Structure formats: C-alpha cells, structure tokens
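Colleague: Sequence:
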Amino acid sequence: MLNFEKLKTVYLIAEIGINHNGSIDLARRLIDASSAIGWNCVKFQKRNPDICVPEEQKTIPKSTPWGEMTYLEYKKIIEFERKEYDFINSYCADKAPSLDWTASVWDLDSLQFLNSYDVPFIKIPSAMITDLKLLEETAKTGKPIIISTGMSTIEEVDNAVNIILKNGKKPCILHSNSCYPAPVEDLNLSLIPFLKERYDCVVGYSGHEYNVEPSVVATALGAMVIERHVTLDHDLWGTDQKASLTITGMDRLYNRIRDIDLMIGKPIKTVSKGEMEIRKKLRKN
Numbered sequence: 001m002l003n004f005e006k007l008k009t010v011y012l013i014a015e016i017g018i019n020h021n022g023s024i025d026l027a028r029r030l031i032d033a034s035s036a037i038g039w040n041c042v043k044f045q046k047r048n049p050d051i052c053v054p055e056e057q058k059t060i061p062k063s064t065p066w067g068e069m070t071y072l073e074y075k076k077i078i079e080f081e082r083k084e085y086d087f088i089n090s091y092c093a094d095k096a097p098s099l100d101w102t103a104s105v106w107d108l109d110s111l112q113f114l115n116s117y118d119v120p121f122i123k124i125p126s127a128m129i130t131d132l133k134l135l136e137e138t139a140k141t142g143k144p145i146i147i148s149t150g151m152s153t154i155e156e157v158d159n160a161v162n163i164i165l166k167n168g169k170k171p172c173i174l175h176s177n178s179c180y181p182a183p184v185e186d187l188n189l190s191l192i193p194f195l196k197e198r199y200d201c202v203v204g205y206s207g208h209e210y211n212v213e214p215s216v217v218a219t220a221l222g223a224m225v226i227e228r229h230v231t232l233d234h235d236l237w238g239t240d241q242k243a244s245l246t247i248t249g250m251d252r253l254y255n256r257i258r259d260i261d262l263m264i265g266k267p268i269k270t271v272s273k274g275e276m277e278i279r280k281k282l283r284k285n
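If you're matching positions, the sequence shown starts at 1 in this note's numbering and goes up one per residue.
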C-alpha cells in the first residue's frame, strides 16, 4: 500500500480512465508508455453501468464506433471486467520496475471488485465525494484513499474528509476543476497550499487542461501527487481524449516536474559544492 506521508518525490498518476475505449490492447500500449517514461501509476475507472447510469439516460440512443446503441449498452461495451483487470494486474507487476495500478470506484459493487486486488490506493472521483456510503465503505477497507475535489464546495470537501477520518485513515486530497478542458482562469491553484493547511494531509492536483504548465505550477505550490489523463492520440473517439496528455506531453511533464523537485530542494541554507570553490576565490575570511 502507498504511504502518501512518506513520498519523497512527486507521485505521477497516468489516468487512462476510459480512454482505452474497451480495448485491452490500447490499455496495454498506454501502460507501456507510462512505464517507459517513468510515471508511477496507471489508473482506470470502474463502474457497474446498471447502477451508475441514471434511469432516464439508459435508453437514450448513442452513435458510437460500434454502431447505434443505447447509452447503457455503450457504457457496458467500454467497461473492463475481471478478465481485463487480471491482465492489467499481472502486466503491471511484470514491469521492471513494477508499475502501480488502481482505479476510481463509482459504486459499491465496483469498490468490492477493486478491493479484491492488492492496489496501492483507491480513488474516489470528484463526482462521487458526496456519496456518503461509498466514502464510508471505502475508508473501512483500510486502503489509502485519494479524493478529487472538482465541482465541490468546501463544505462538501469537509464532510467527505470527516467521514473518511471517522472510518479510516487520512486521505490524500487532489485539487481539481472538473471541466474538460479546464479554463486556465478557473484553475485556482492557490487552493493547493490552502487544502494542505486546512486538512494537514498530502495534497495533489488532478489536471484537465490542455498543457503541462499548471501541473508544474501545482508541484511548485506543494502538490505531491499529480494526476493527468493520458491518450495515444487526441483524435481517438471519446470525451476525455482532447483534454489528455499524449505520450510526448507525458514525457515533457515528467521532466519538468523532476526539475522542479531538484530546484525546490529543502528549506535548509547550505553552501553548495560549487559555491565552495567560488567562496575560496571571493572571500577573504
């Protein structure tokens, strides 16, 4: 299990989500890219469509690459089940070094499903942090929890954190704006140090904007977990593809964030090795 309090460098989560479009081969390619670049974790989304899709939406017609179907049929086509997750579990474990994987849970059935695997943490997505029963049961698993806080009031975040604390361990909290893509003027990254102080926990950032700069700024502001949606191609079918990072963007963000880690350092005033040589030349005492 992941101990957020002991993170030494920023933990990078590649949110594959549903960008695999139901294809385990597409998911495998995204796993390969995430591992090769050096990201720490790949994350998916787990739902029981029969529960998660509102009744009034289930029979709505939808045009898809697989033909005309109902919205419920579409959600079932792109949902990974036991066979796919067994493959993901073994495939990530066989990476060198091994790659973490997990999923966001959208209902109690999915929580039970995910809890059958030895995942490093469980994610509660922004859409579900007002589902009090889901928060309570997730906390009771004893696994570390990440919650995203998009489209939430501070009172809703307070309530979610309090329920988790009553039933389990302190969560990691991700600041987020749930628009896809999120407008730069709405990102409000100043909430990162605010959340860290308010809840005395590890805070991160889940970004849905086009570029990498906000994630870099979030890191400079103290985010220790960065989550970004990832894709092989912005032109692939699906609502999340446009606001996702391509492999090139993932690599760029990885290098930018690692540079931030090096630049920030520790709040201890020291004389560097290079400065010692200059000091000998310029100081008389």
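Calculated directly from the structure, the hints in this document are not laboratory data. Note that the structure is a prediction, hence the values are computed from the model and not measured. Accuracy of the hints is not assured; some may be wrong.
[Unchecked claim] DSSO-like, lysine-lysine: derived pairs with alpha carbons at most 27 Å apart:
1) Lys170 <-> Lys83
2) Lys83 <-> Lys95
3) Lys196 <-> Lys143
4) Lys169 <-> Lys140
5) Lys8 <-> Lys133
6) Lys266 <-> Lys170
7) Lys76 <-> Lys242
8) Lys166 <-> Lys140
9) Lys95 <-> Lys133
10) Lys170 <-> Lys133
11) Lys242 <-> Lys266
12) Lys58 <-> Lys95
13) Lys58 <-> Lys169
14) Lys169 <-> Lys6
Colleague: Compare the structure with each hint and give your call.
Modeller: Status of the hints after comparison with the structure:
no.: 1; hint: Lys170 <-> Lys83; in the structure: violated (32 Å)
no.: 2; hint: Lys83 <-> Lys95; in the structure: holds (19 Å)
no.: 3; hint: Lys196 <-> Lys143; in the structure: holds (21 Å)
no.: 4; hint: Lys169 <-> Lys140; in the structure: holds (9 Å)
no.: 5; hint: Lys8 <-> Lys133; in the structure: violated (33 Å)
no.: 6; hint: Lys266 <-> Lys170; in the structure: holds (25 Å)
no.: 7; hint: Lys76 <-> Lys242; in the structure: holds (22 Å)
no.: 8; hint: Lys166 <-> Lys140; in the structure: holds (9 Å)
no.: 9; hint: Lys95 <-> Lys133; in the structure: violated (35 Å)
no.: 10; hint: Lys170 <-> Lys133; in the structure: holds (17 Å)
no.: 11; hint: Lys242 <-> Lys266; in the structure: violated (37 Å)
no.: 12; hint: Lys58 <-> Lys95; in the structure: violated (39 Å)
no.: 13; hint: Lys58 <-> Lys169; in the structure: violated (36 Å)
no.: 14; hint: Lys169 <-> Lys6; in the structure: holds (14 Å)
In summary, the numbered hints that this structure violates are 1, 5, 9, 11, 12 and 13.
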